[in-house]
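Student: So the chains spell out like this:
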Amino acid sequence: MTNSFQNKAPLLEVDRLSVDYGLKGNSLRAIDGVSFVLRAGEAVALVGESGSGKTTTAMAIAGLLSPNARVSEGVVRYRGERLPIDDDAAMRPHRWSETSVVFQGAMNALNPVHRIVKQIAEPCMLKLGMSRAEATARAKELLELVGIPADRGAAYPHELSGGMRQRVMIAMALACRPSIIIGDEPTTALDVITQAQILKLLGELRSQLNLALILITHDLSVVAECCDRVMIMYSGRIVEDGTVAEIFADPKHPYTKLLIDSIPNPANGKKMIRPIPGDPPNLVNRPSGCAFHPRCPSAMAVCTTEVPSLDKFGQGRVACHLHQSLQNKVTVHA
Amino acid sequence: MASTQIGSGTSQHIGRIITRAIVTLVMVATLNFILFRIIPGDPASLLLGGARSSVTAEQMVAQQQNWGLDRPLFPDQVVDYLWATLHGDLGFSFKFRGRQVTDLILERLPATIALVGVAQLIAIAVGVMLGLYAGWRRGRAVDHIATGASLALYSTPSFWLGMILIVIFSTTLGWLPGYGAYSPGATIGSLGWLPDYLRHLALPVTAVALGLIGQYVVVARAAMSEVVTEDYMVTARAKGLTNGQMLMRHAFRNAMLPVVTLITLNLGYVVAGAITVEAVFAWPGIGGLTVEALNARDYPVLQGIFLLLGASIVVANLLADVAYGLLDPRVR
Ligand SMILES: Nc1ncnc2c1ncn2[C@@H]1O[C@H](COP(=O)(O)OP(=O)(O)O)[C@@H](O)[C@H]1O
Ligand code: SF4
Ligand SMILES: [Mg+2]
Numbered sequence: 000m001t002n003s004f005q006n007k008a009p010l011l012e013v014d015r016l017s018v019d020y021g022l023k024g025n026s027l028r029a030i031d032g033v034s035f036v037l038r039a040g041e042a043v044a045l046v047g048e049s050g051s052g053k054t055t056t057a058m059a060i061a062g063l064l065s066p067n068a069r070v071s072e073g074v075v076r077y078r079g080e081r082l083p084i085d086d087d088a089a090m091r092p093h094r095w096s097e098t099s100v101v102f103q104g105a106m107n108a109l110n111p112v113h114r115i116v117k118q119i120a121e122p123c124m125l126k127l128g129m130s131r132a133e134a135t136a137r138a139k140e141l142l143e144l145v146g147i148p149a150d151r152g153a154a155y156p157h158e159l160s161g162g163m164r165q166r167v168m169i170a171m172a173l174a175c176r177p178s179i180i181i182g183d184e185p186t187t188a189l190d191v192i193t194q195a196q197i198l199k200l201l202g203e204l205r206s207q208l209n210l211a212l213i214l215i216t217h218d219l220s221v222v223a224e225c226c227d228r229v230m231i232m233y234s235g236r237i238v239e240d241g242t243v244a245e246i247f248a249d250p251k252h253p254y255t256k257l258l259i260d261s262i263p264n265p266a267n268g269k270k271m272i273r274p275i276p277g278d279p280p281n282l283v284n285r286p287s288g289c290a291f292h293p294r295c296p297s298a299m300a301v302c303t304t305e306v307p308s309l310d311k312f313g314q315g316r317v318a319c320h321l322h323q324s325l326q327n328k329v330t331v332h333a
Numbered sequence: 000m001a002s003t004q005i006g007s008g009t010s011q012h013i014g015r016i017i018t019r020a021i022v023t024l025v026m027v028a029t030l031n032f033i034l035f036r037i038i039p040g041d042p043a044s045l046l047l048g049g050a051r052s053s054v055t056a057e058q059m060v061a062q063q064q065n066w067g068l069d070r071p072l073f074p075d076q077v078v079d080y081l082w083a084t085l086h087g088d089l090g091f092s093f094k095f096r097g098r099q100v101t102d103l104i105l106e107r108l109p110a111t112i113a114l115v116g117v118a119q120l121i122a123i124a125v126g127v128m129l130g131l132y133a134g135w136r137r138g139r140a141v142d143h144i145a146t147g148a149s150l151a152l153y154s155t156p157s158f159w160l161g162m163i164l165i166v167i168f169s170t171t172l173g174w175l176p177g178y179g180a181y182s183p184g185a186t187i188g189s190l191g192w193l194p195d196y197l198r199h200l201a202l203p204v205t206a207v208a209l210g211l212i213g214q215y216v217v218v219a220r221a222a223m224s225e226v227v228t229e230d231y232m233v234t235a236r237a238k239g240l241t242n243g244q245m246l247m248r249h250a251f252r253n254a255m256l257p258v259v260t261l262i263t264l265n266l267g268y269v270v271a272g273a274i275t276v277e278a279v280f281a282w283p284g285i286g287g288l289t290v291e292a293l294n295a296r297d298y299p300v301l302q303g304i305f306l307l308l309g310a311s312i313v314v315a316n317l318l319a320d321v322a323y324g325l326l327d328p329r330v331r
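Residue numbers (numbering that gives the first Met the number 0), protein chains in the order written: chain P, 0 to 333; chain X, 0 to 331.
You may find that some hints are simply not true.
In silico contact screen, one side only, chain X against chain P (beta carbon under 7 Å); selected entries [said to hold, decoys possible]: (1) Arg70; (2) Lys94; (3) Asp230; (4) His249; (5) Pro328.
In the DMTMM-like style, the derived pairs of lysine to aspartate or glutamate whose C-alpha atoms are separated by at most 20 Å in a straight line are [to be verified]: (6) P:Lys117 <-> X:Asp230; (7) P:Lys117 <-> X:Glu57; (8) P:Lys117 <-> X:Asp327.
These are computed hints drawn from the structure, not numbers from a lab.
Cβ atoms here follow ideal geometry from the backbone N, Cα and C, with glycine treated the same way.
Work the whole structure out from these sequences, hints included.
Tutor: See the structure below:
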């Protein structure tokens, strides 16, 4: 299957982006040279263990890095223009009108003292310059769009279930007609049925409104249905990038393979999530060479000394000496 | 539909709060009665001048019958007491012979309300603003200065602040009076009475307000510095709000929740007066009356003051609950 988005002009370009967090004199590189392209209407999953830099990547794109974060390298471009992601005030006009974020379901992302309709209407008033009445009308339309009856708008967040709150969050994210929505573990903390409903909703809205979607998750099993492409992150770096079909049918990177193996699959009798052996990466003392080498079943001598670059491989990209050497061999023999 | 549900929820909530307050009030009054009866000494003998006086047994019995003290404590005497209290009758003072406790208290109440009320208003205006701002800018210079100064003020006894103020502004500089509420010869309503009263009020108000400012800054700062770490503040930032919009539209009301509770609870102490500061400044308020009644073992007056204090704290709690319910939809 070819990627139907390959020919479209890029909407978002992330180019060798590195972000460091300052911590009491120390500094920690949370993401290291992350590069990818997102095209209009495309849905990309960003998958990796907790601490692999998914949220940092998302926050950097949305210009929402915390004050102790520093963009040490790289640029983010939106429709070809460089975003001032390290300048809080300069980013303000871009926020929510180009990229909006659906935060983790477990978070108290809604203000507990305001009615939900008011919270959805707020960006319409402040960013689109609507009157209160216009903004309220739009907020009610958005509620209906995400499957909540408009008269529930008078409710406060605590009166809604987790799934409903996440729908409100999605309605809010649509308020200023963005072209990119980032879902940062939007279904974490929801039950399986609600999880499926929310993902289905995101998928429907995406095709209905031609939204590009970056879906962040640590759970590879949820991406198959609603994403076109998957990027696997490990220790702040993208280690593999490919179409959903490719990644599942023929994973290249040893880490991706282990991730796929760890998905519970009742069909072949595997019920439990099998954790990947070894310690999760330590960002303060990131392993030399390929950060995955202490846990990699196929590690070689070169893996401990040289960082594998994320090179094109087939339809996608992969960062692993195994495949680079394979490719090199192929070229040598050719 | 949803809004009517919420409306009736609110009135139910307020109804519950009021019922609870009434029950508490009755309990406070009963406890107040029992408390003064547990104190050693028979009320009749106290009335007749204590154990030292030469009173005959017949006179004692006559007194007891006269005041209904021969009847059973419960229910007769308690019910009588509650019934009289309900009608504003708190009995007679021992010290100020023949004077109604209610009158004595009402006489002293305005001075206390002026002192503590004005001090509260100033402290709320200054302390809450400063505390919220320090919390918003936590970790910056303004936060360190405000928090340090507030903790120092909070931990300093008000009467000591009062004495320092007297030494500086009254004794040394001679700018403001440091004793009483009026200059000798000033009569209420006369020309120049109000400016004179305000000049006398200045130092004690400052002493009370400084301590309260410390309290408000500490609480408001803590509330605000917690709010700024909340997830919904990240959402507000993500929506492209300016810092001012984030502060006013999202942080302020949430940070005010604990502050409003503190304000309303403090209102309960407005009538109690500031005993130590009133003593230092010879301020003719309830605090001063409490000290006088204590010295004279004037139990009816003390009982009246305790009841007033208890009642105002119950009412303040009620207000705090109502205010919290109005501000925070989660408790409705
Ligand atoms: N504000 C911050 N200050 C310091 N370290 C941070 C901060 N935010 C995240 N980190 C660290 O950066 C790394 C990447 O975190 P994150 O981007 O949240 O990963 P993920 O979303 O994949 O779990 C983690 O080690 C985390 O502890
Ligand atoms: S580069 Fe080496 S250590 Fe890293 S994943 Fe590939 S084989 Fe394993
Ligand atoms: Mg995360």
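Student: Please go over all the hints and tell whether each is borne out by the structure.
Tutor: How the hints compare with the structure:
1. The closest approach between the C-beta of Arg70 of chain X and any C-beta of chain P is roughly 54 Å, which is over the 7 Å cut-off, so the hint fails.
2. For Lys94 of chain X, the suggested interface contact is broken, since its CB lies about 51 Å from the closest CB of chain P, more than 7 Å.
3. At about 4 Å, the closest approach between the beta carbon of Asp230 of chain X and any beta carbon in chain P falls short of 7 Å, and the interface hint on this residue holds.
4. With its C-beta approaching chain P no nearer than about 5 Å, His249 of chain X sits inside the 7 Å limit, and its interface hint holds.
5. Hint status for Pro328 of chain X relative to chain P: holds, with the closest Cβ pair at about 4 Å, below 7 Å.
6. For a cut-off of 20 Å, the pair hint linking Lys117 of chain P to Asp230 of chain X stands: about 17 Å separates their Cα positions.
7. For the hint linking Lys117 of chain P to Glu57 of chain X, the alpha-carbon distance of about 78 Å lies beyond 20 Å, and the restraint is violated.
8. Between the alpha carbons of Lys117 of chain P and Asp327 of chain X the distance comes to roughly 15 Å, so the proposed pair stays at or under 20 Å and holds.
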